[in-house]
Amino acid sequence: MDASGQLLAALGIIMLMLVAVSLSELQSQLRQLFRVLVLVMGIALTLRYIFWRGLYTLTADDYLSLLCVWLLFAAELYAAFTHIIGCIVNASPLTRPLLDIEETDPSKLPTVDVLVPSYNEDEEILETTLRAALNLQYPSERFTVHLLDDGGTDAKVNQTNQKAAAAALSRRQSLQALCARLGVTYRTRPKNEFAKAGNVNYALGHTHGDLVVILDADHVPTADFLRRTVPWMIKDEKVFLVQTPHFMANPDPIERNYFSAFERMPSENDMFYGTIQKGLDYWSSSFFCGSAAVIRRKHLDEVDGLSGQSITEDAETALDLHALGYRSVYVDRPMVSGLAPETFDGFIVQRMRWAQGMTQILLLKKPYANKGLHWYQRLGYMSSILFWLFPFARIVFLLMPLAYLVFGLQVYHASLLEIVAFTLPHLIGTYMVSTMLFGRTRWPLVSELYELLQCVFTFRALVKVFRNPHKPSFVVTPKGDTLEKDFISPLSGPFYILFVVLMLGMVVGGVRWWTDPLTRDLTSVVMLWNLFNLVLMLGIFSVLIERKQVRSQPRLPAQDNVTMLDKTRRLFQAKLRDISANGARIIVAEPIEWQVGDQVTLQGWSEATQRLVLLPARVTAAQSGPKDAIVRLKFNPQTEQQHREVVGFTLGDSRRWVSFQRRRTRPMPFWQGMSHILKVSVVPPLTHALNFLILLTKKFNKEKTNV
Amino acid sequence: MCRFWLILLTALFSISAVAAKQSSYRLTDFYPGTNPARLQGKSDSVELSIPLAHASKVDEAILHLRLVASMALIKERSIVTVRFNQAAIGQIALDGSQPEVFASVRIPNSLWRGGFNSLSFSASQHYDRQCTDGTAPELWSELDLYSSRLEVSHQTSVNNPVLADLSGFLAPGIGGVDAITLFSHSSALNDNINRQVLPVVSQALALRRQYAPLQVRHSQWQLPQAEQWNESWDEAQKEQYQHSAFYVGKDARQAPLHVVVGTKAQLSDILTAAESDAIDTAYLSLKAVPAFMVEEEVIVPAHLRLVVSGNDEQQVMAAAKTLLAMDDALNQDDAVKALEEGAHPQQNEVLAAQYLLADNTYSFADIGSSDIVFYSADDHRYDLNFRLPADFYVPESARAELSLDFGYGAGMGLGSVMNVMVNGKLIHGLTFDNAQGQSYRSYRLDIPARLLKGGSNSITFAVTIRSPLPGLQCGEVPSSHLLFQLANRSTLTLPEAGQVSLLPDLQLLAKTGHPYTAQGNTELNVYLTDSDMLDGALTFVGKLAQAAHVPLANVTVHQGLADYQAEAKNLVFGTPDSLPQDLFAQWNLSISKTQRWPYRLINDLRIKADVVRDEYQVIEIENQPSLKLGGYLEQVSSLGNMAVMTAMATEKGQSAIIAAQNAKILNARIDDITSLTLWGQLNGDFFAWEDSKAPLIAMQVAERKTLGNAEDLWLEIRLWLSSHPWAWLAALVAVILLLSLLLHLMLKRRNAKLEDEWKQ
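Here the protein sequences come in this chain order: A and B. Each residue of the first sequence is one higher than the one before, counting from 134 in the working numbering. Each residue of the second sequence is one higher than the one before, counting from -11 in the working numbering.
Think of the hints as simulated: they come from the structure by calculation, not from any bench. Note that this is a predicted model, so its numbers are computed, not measured. Here a beta-carbon is modelled for each residue, glycine too, at the ideal position from N, C-alpha and C. Warning: the hint list may mix true and false statements.
Claimed, not checked - Taking lysine-lysine pairs in the DSBU-like style, the calculated list, with each CA pair at most 30 Å apart, reads:
1) A/LYS431 to B/LYS741
2) A/LYS604 to A/LYS504
3) B/LYS747 to A/LYS368
4) B/LYS45 to A/LYS371
5) A/LYS504 to B/LYS681
6) B/LYS9 to A/LYS371
7) B/LYS325 to A/LYS431
Stated by the list, open to error - A short list of chain B residues far from chain A (calculated; beta carbon distances all over 10 Å):
8) ASP17
9) TRP128
10) PRO436
11) THR448
12) GLN553
13) ILE653
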């Protein structure tokens, strides 16, 4: 069929998709059928596009153009392949019922070892995590909390560097005291081998619980964590893993610096845990994410604990156990809150580790050829792994317009009609499918922004892995950093270069458009593509401005009704507005005369302890009006019991996280997302330019002074 | 005795000087542009090409010109110079006070040459004695090409003609033979000579005419009857008479030669013994037939005779095919014997020589182009003409590629450009903006292959060379140094293509002769319901060969429709009374006794396909919207003076039917339709005409079908889908729905299984 016929056919399919998408959102028995219909039609458009590209457009006049043609096609193949297997994986997300252990005889409940591996994290963070672990609603005689200290190993304490050895010893002693105070088992090991995996494996050798819970140092469990997860272990002996979502209590650098929409916009985790893991769960492929999970020791022992070949030992272990025929379960309820990296370079370190680790699994474990996995499990793992190869494709998509605009290389051999008939329907179809699958958990263009931010650094990291899959080493993600002032991220350099290059592309493209009317159609299309990249690049500048972080603990919205008792023993009705691990903001229902520094007591229902708790606090700010008052409190626990109650009240209720997630999980139309990005992209480049000028001026003045 | 030889010599040599002929032509006959030809600016020119047949000699040629000049021109400085083959033959002063100018210019005989002669009019125009602004709009004159005439007195002049002169006789142009008579020993259509050999001869002669029409007539020689003998003639004289061109009638004598076709035995009636003895195999000869004179009176004038003969019908056919294939210039004798028949001429080889084939690279030299060089400031143009097979089919994304080696010299002024067009569509432009000149090697241009079509194609290089601006008032920079060159080592690369065409299509037929020229051994059957229609059939077959530039498939003429094969490639000539109704069973129209006319007013005439009904849809043919019609009216009436041609696709090609009220009208209409003006207007699949100027009606009546071999299954599938887009979409949607339902059920089943597991 010629291009005009193809265009007609594609339009027909898109119209059908529009109708099917609308019908898939209705609550009806056929909604799943319409969902599948949308997926099949979207995949058909993509396959049609790829076939057309491969059969009719891969020609070039010279070798350089041929290279670019093939690179671009390879990137598109990658994108199409990951999109298609993503469609298959997410075709039918599984929603499991919420179970509870209350129907089980407590004496028959399995024993649990809660392991908290640590490597030099802030003690305050550890303390919160350990206290929350102790608050778990599980028979106390049937679970033990262990702190696994890798910062105070024998090797660390006895190292030749005296200063470092002393610091290690001091840390060990401090943590031992903490554990003693809290009633937690302190563990360490002789050597720091195989990073976190080695730490956990060593502890596994010295513990005996039926089940193992692994919590990162900053991962605070809610009280119902074991209540909701252990029943799945009891139900099926072949289950080796019950994974739950990682809920981030603070925005990542992008959410904070760019969108400032942490409370309004679904985060990256929401997409993975809220949609993709559920899809993987349907295909029995949901994998271990390193924390917030319960693992059956018996099965873990069969693979000698956490695998250590890659630096993402969690996913690797899950793959090994899936290959042995064991099953995993995913419970979609946020019951562990953690901290996202505070700075952009911390974010990049984390992402590089994930990318390298997953690529190591691809190269070393070859899940696509693993005979122990079912075909759908192979697809599931490949979907999760191949995603991390996005830097290759993203860089190609970024630079290819420039190959044509600046160098005149013919990277895409097609007429305008053919582009409209084949490429555009594929893009529209892909977007419609992505919106249907992830629209509630991912706003438009946010994924592109994340990829753009990571691609430069992750690309280099991936190249190293491909060169030597055994080489990458585990790097702990820095968490809990505080930023005392605004500054431009030291990682901005590559983005300045990219920005200049993209701008050059626009200028040269404009000249080409003007001077070469015969190719105006193609130039216009490519310039639009480059403009899209440029708009995203403008947005990146906002991310690269690290904003001051005044709070030591992240604050999340809350809606609880509480009662306040002031120093005069008078009771006031109040409502929580937000809460953090060490404070809260309340609205008191009547005018007050409290001063900063006044001691008050907050009385509220604690879901963690299942009773009313009295939490001492100090007023840090008070603003009273004619009808009500806004007050900032800092909790001021005096006893160990009060400490635990504060942790339980603030961080132990999973309903808070569920409510918070639901608030921000909503779809956004494409054009609204685009206009949002444009709005927040205007000022930051000017800030960068101003900063650059200031630096230049300072340098110039310094040189002048020296002269 | 001397007198006898004197008379004989006179009779023989008289063949070399056939009576002079007077012809008058309007200059519009030689000019492809619009009339009048405008000469604008300080200096401008227009050029016409006047073809002269090689065998013709011009005795006298006079140009009668009418010009209209602008009133602003001054006589002393405004002149039109007339040049013939670059020689100035006249100058005409343009006087603003007398705008209309009539002038007669004699063209010296010595300047004429065989082939194309250049007649140019160069104007130099001024409105002032001082310097003139060359762009002033009042500097113009117009040459009225319609009113201007060329009066030529010419005659055929070939001394001792040989076969090499045959092309000269038949060449297009002034003096060329435009009507010729073929003689055979009978007029019966069951005679193999008439059925199969005459169409070959007709094509052979028409191809020598290149593009100019050739009217072919057929007649038979009959031995003189008793009453034709003069009693005073002795036996020798009677024998002389019988060996003269007695059978050539007055009409046939208008041409300087005639053709006789037959076996040796058949021709023995009219050939001398010596001539007859010379025929011992496939035989061709071009000889003068001496006049028959009695006592200085010419009873039968001399005439030139082309003999196509052999010992038997197979050898006559071999001789005819030799005539078809041979290059005349290589045959310097008056007779040729074709000794070996062989596989001749295979259409594949002939086609390959005439057409560019897909998936090949041709240099411009291969296509017949020499190096192209343009000098001086002017608007230059070069057309690279080539032919593609009529059923050339490529996917829309296919690309042809030009790789050009060219350059331009130093000193080009502002506005010097090269534009490249393919079949009139601009594909590339380049400014000559390097003052030092520039040279390009392997300059690549992509041509969307959809711009190429079956038949004639043209890649035009329109090069405008301008002198630099002088910078001074009245200053002028000479431009003779300005140069552009395009090397003939430049190449054209064609993509892969299938052999597919949409039929019926009379326009494609007119441009390429398709589908009657398809490769392979397919036959073309020509059916005549009246043997008198043989003239028209031979003329038409010759014209088709001209359109294709190659001979047609094996042509066989049939008397009547008893052997009619509906699925083959057919040409049917008939009258309404003789055409059976069931011949038109599959058509919306009928030209038999009861006619079925698809009147336009019965059917919706809307051009835009806003609504598609079952009975009609709009089909566009090269920007000429025409209608596929479903309604018709049956009636009984005569065709009058008009002829009707209609075509229908068959399994193997196309059946075309040409009908007129009687054989005489049909032959006359065939002469009209094979003329240059009307042939190019063939369109649609239903064509009616009654003169050579314009058709009465041209319509698309039947739905077109694809015919051919797509070369591979994939291309064939694409072609089918292209013709049935809605079917494709419907099938795709059905497959998607089915697949979705299946997947949904599978997913649902797995979901249920998972739920059962956790309920346990």
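Taking the hints in turn, this is what the structure says about them:
1. Between A/LYS431 and B/LYS741 the alpha-carbon distance is near 26 Å, which keeps this suggested pair within the 30 Å criterion.
2. For a cut-off of 30 Å, the pair hint linking A/LYS604 to A/LYS504 stands: about 26 Å separates their Cα positions.
3. The straight-line distance between the Cα atoms of B/LYS747 and A/LYS368 is roughly 9 Å, inside the 30 Å bound, and the hint therefore holds.
4. Simply put, B/LYS45 and A/LYS371 have alpha-carbon atoms about 108 Å apart, too far for the 30 Å limit, and the pair is violated.
5. Using a Cα cut-off of 30 Å, the hinted pair A/LYS504 and B/LYS681 is violated, with the two alpha carbons roughly 81 Å apart.
6. A C-alpha spacing of about 110 Å is found between B/LYS9 and A/LYS371, which places the hinted pair above 30 Å, so the restraint is violated.
7. Between B/LYS325 and A/LYS431 the CA atoms are separated by roughly 103 Å; this puts the pair beyond 30 Å, and the hint is violated.
8. Distance check on B/ASP17: its Cβ is at least 38 Å (rounded) from any Cβ of chain A, clearing the 10 Å threshold; non-interface status holds.
9. Separation of B/TRP128 from chain A is adequate, the least Cβ-Cβ distance of about 31 Å exceeding the 10 Å criterion.
10. For B/PRO436, the shortest C-beta to C-beta distance to chain A comes to about 7 Å, within the 10 Å cut-off, and the non-interface label is violated.
11. Remark: the non-interface label on B/THR448 is consistent with the geometry, its nearest Cβ contact in chain A lying 16 Å away (cut-off 10 Å).
12. Every beta carbon of chain A lies more than 10 Å from that of B/GLN553, the smallest distance being close to 34 Å; the non-interface claim holds.
13. Annotated as non-interface, B/ILE653 keeps its C-beta farther than 10 Å from every C-beta of chain A; the closest such distance is 44 Å.
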